[in-house]
Amino acid sequence: MNNTVILPMIIPVIAGLIMVIFRKNIRLQRLLSIFAILAVGGVSISLMNQIRNEGIQTLQAGGWEAPYGITIVADMFSAILLLTTSIVALFCLIFAFSSIGREREEHYFYPMFLFLISGVCGSFLTGDLFNLFVCFEVMLISSYVLISLGGTKLQLRESIKYILINVISSSLFLLAIAYLYAITGTLNLAHLSLRVAEAGQDGLMTTVAFLFLIVFSMKAALFLFFWLPGSYSVPPIAVAAIFAALLTKVGIYAIFRLFTLVFYHEPEITHLVIGILGAITMVLGAIGAVAYWDIKKILTYNVIVGVGFIIAGLASFTSMGMMGAIYYLIHDMLIKALIFLLGGMIIHLTGTSKLKEISGLIRNHPYLGWMFFVAALSLAGIPPLSGFLGKVFITRGTFETGSYWLGAIGLITSLMVLYSIMKIFMNSFWGETYISKDMEKGTTNVSTMLPIGCLTALTIALGLGAEGIHEYVQIATESMLNPIMYIEAVIGEDPIR
Amino acid sequence: METSMSILIGVLFTIGTYLILTKSLLRIILGTSIISHGVNLLILTMGGLKTGGPPLLGQHDTTFTDSLPQALILTAIVINFAVTALFLVLSYRTYKTLGTDNMDKLRGMEDE
Chain A
0 MNNTVILPMI IPVIAGLIMV IFRKNIRLQR LLSIFAILAV GGVSISLMNQ IRNEGIQTLQ
60 AGGWEAPYGI TIVADMFSAI LLLTTSIVAL FCLIFAFSSI GREREEHYFY PMFLFLISGV
120 CGSFLTGDLF NLFVCFEVML ISSYVLISLG GTKLQLRESI KYILINVISS SLFLLAIAYL
180 YAITGTLNLA HLSLRVAEAG QDGLMTTVAF LFLIVFSMKA ALFLFFWLPG SYSVPPIAVA
240 AIFAALLTKV GIYAIFRLFT LVFYHEPEIT HLVIGILGAI TMVLGAIGAV AYWDIKKILT
300 YNVIVGVGFI IAGLASFTSM GMMGAIYYLI HDMLIKALIF LLGGMIIHLT GTSKLKEISG
360 LIRNHPYLGW MFFVAALSLA GIPPLSGFLG KVFITRGTFE TGSYWLGAIG LITSLMVLYS
420 IMKIFMNSFW GETYISKDME KGTTNVSTML PIGCLTALTI ALGLGAEGIH EYVQIATESM
480 LNPIMYIEAV IGEDPIR
Chain B
0 METSMSILIG VLFTIGTYLI LTKSLLRIIL GTSIISHGVN LLILTMGGLK TGGPPLLGQH
60 DTTFTDSLPQ ALILTAIVIN FAVTALFLVL SYRTYKTLGT DNMDKLRGME DE
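Sequences listed follow chains A and B, in order.
So the first sequence is residues 0 to 496, counted in numbering that gives the first Met the number 0.
So the second sequence is residues 0 to 111, counted in numbering that gives the first Met the number 0.
The shape of chain A in the complex, shown without the other chains:
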């Protein structure tokens, strides 16, 4: 029992609720939200150290022992994701201060942002399938508000579709939960893992597993990504960045959790399908990224490629592949936030997202240009930046299991990603300078450049100093590949109940 486990979930909620009262006091809201995010980051660092020293931390809510009560579980995988979430959220928040606009700030932007973070943290921490649904909904409802806040024509049009897709997938989620409850009679993840292991994963169970895969694929944009390019390109930059960094990753986390903890008995069926879906996602995403000449579209398709690549790590189902997937997940959260902020900055400066109308920004904005270059290389996985290590491990993982096609597709699509992102760099920063500094639509300032600079520094630091987090990633991989560690932490040493 460890009460700190629940803190990342409730700190943002409490801070958000306080802010709702002080609607007009923007300064207080900003301070409070920074403070709440920093607190979440601090708690997750302390959790990481506790898990390293004492093993997986759990909290049985209200003292009701698992499997009867709701369990909150923090293993190393969730703790690492929590820390990354708080880092990304902090920088997106600072970016929002000067870019989001007074109007949105007064209409509960900060409370909604914090509720979103709370939902994301809750999804990472929960040890109960129904509670996962609830946390998903907390996250999704906040995202509905954030995506439509402002009410421009484009936003309204796309948010309607976004909500519809998610409402339907939530219904499917409940459907899958109902079936699983009928078969196993429990919803606690650790208990589910035991029951499935006892009864064996037969055809019926695998079908339910695929239903879950469909639901989470919809959220993670794995193959079912048709809704993503539209809806991620309409909200303001800071919101799009946090969506790209966090929302799809929650779906990926859920797939990882279910298919390493519960449905891991038939990898030759389930993980093969996951691998094929990942491969198709990578190919289609890369084609989209190469084809468009619009900054927003290129960036959103890059989100999809990233999802496919992380999933390839899971499909390999080796310790090497999983380790790579965790490295790449951390990298992807940081780099997607960074590249969206950078792309958003270009659009903010020039007032257009069409590449053919932008040229020669490097003359007036050298720092922005060089940071974009670093981010682009990191996105494609050039050493020594942060994307490299994850790519190496995932590719080695897929080669180890003999699925050379998956690794090869991963590498080829990386090249396409590099081309697509270099297209943005060359078109917008090279060439003749059309517009002088005072003709630009917007300006850069400390509040927008600081988060971009910090995230760029982080992607370099994460690449050079990967040794520093290696110990944590190794623990996370180990506990993912040994479900019994999770079960023992939740239910106890005597798992025969």
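These are computed hints drawn from the structure, not numbers from a lab.
Here the structure is a predicted model, which means the values were calculated and not measured.
Careful, some of the hints might be misleading.
[To be verified] FRET-style restraints, in silico, Cβ to Cβ:
(1) A:21 with B:76: 43 to 51 angstroms
(2) A:13 with B:77: 18 to 26 angstroms
(3) A:205 with B:66: 23 to 31 angstroms
(4) A:21 with B:9: 49 to 57 angstroms
(5) A:213 with B:66: 25 to 33 angstroms
(6) B:76 with A:41: 34 to 42 angstroms
In this text, a Cβ means the ideal position worked out from N, Cα and C, and glycines have one as well.
Given the coordinates of chain A, work out where chain B should sit on it, guided by the hints.
Showing chain B alone in chain A's frame:
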């Protein structure tokens, strides 16, 4: 009992799917609402339909009703209520701003 419930759930899903596939926004929202009712009934059915037993384990009672599905449904109803309310408000706003509730016209143009 289970059979008739299954048929009912199937009918609800059919109607919901039909409504979601229509072009009018309001019908689509009603469709999602009907589907989620179907899902709630499904959870109830999946928990096992028993009559006559209290949702508590007693020393003398031989039968009891599983109360967990009902708790799940309660939560699901509340969430669905909130989402539907938000969805309705947003669609009204969309109708006011864009002047149409036809999904064909909400498709979006290539050059905007």
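Comparing the hints with the structure gives:
| no. | hint | in the structure |
| --- | --- | --- |
| 1 | A:21 with B:76: 43 to 51 angstroms | 32 angstroms, violated |
| 2 | A:13 with B:77: 18 to 26 angstroms | 20 angstroms, holds |
| 3 | A:205 with B:66: 23 to 31 angstroms | 29 angstroms, holds |
| 4 | A:21 with B:9: 49 to 57 angstroms | 50 angstroms, holds |
| 5 | A:213 with B:66: 25 to 33 angstroms | 29 angstroms, holds |
| 6 | B:76 with A:41: 34 to 42 angstroms | 37 angstroms, holds |
In summary, the one numbered hint that this structure violates is 1.
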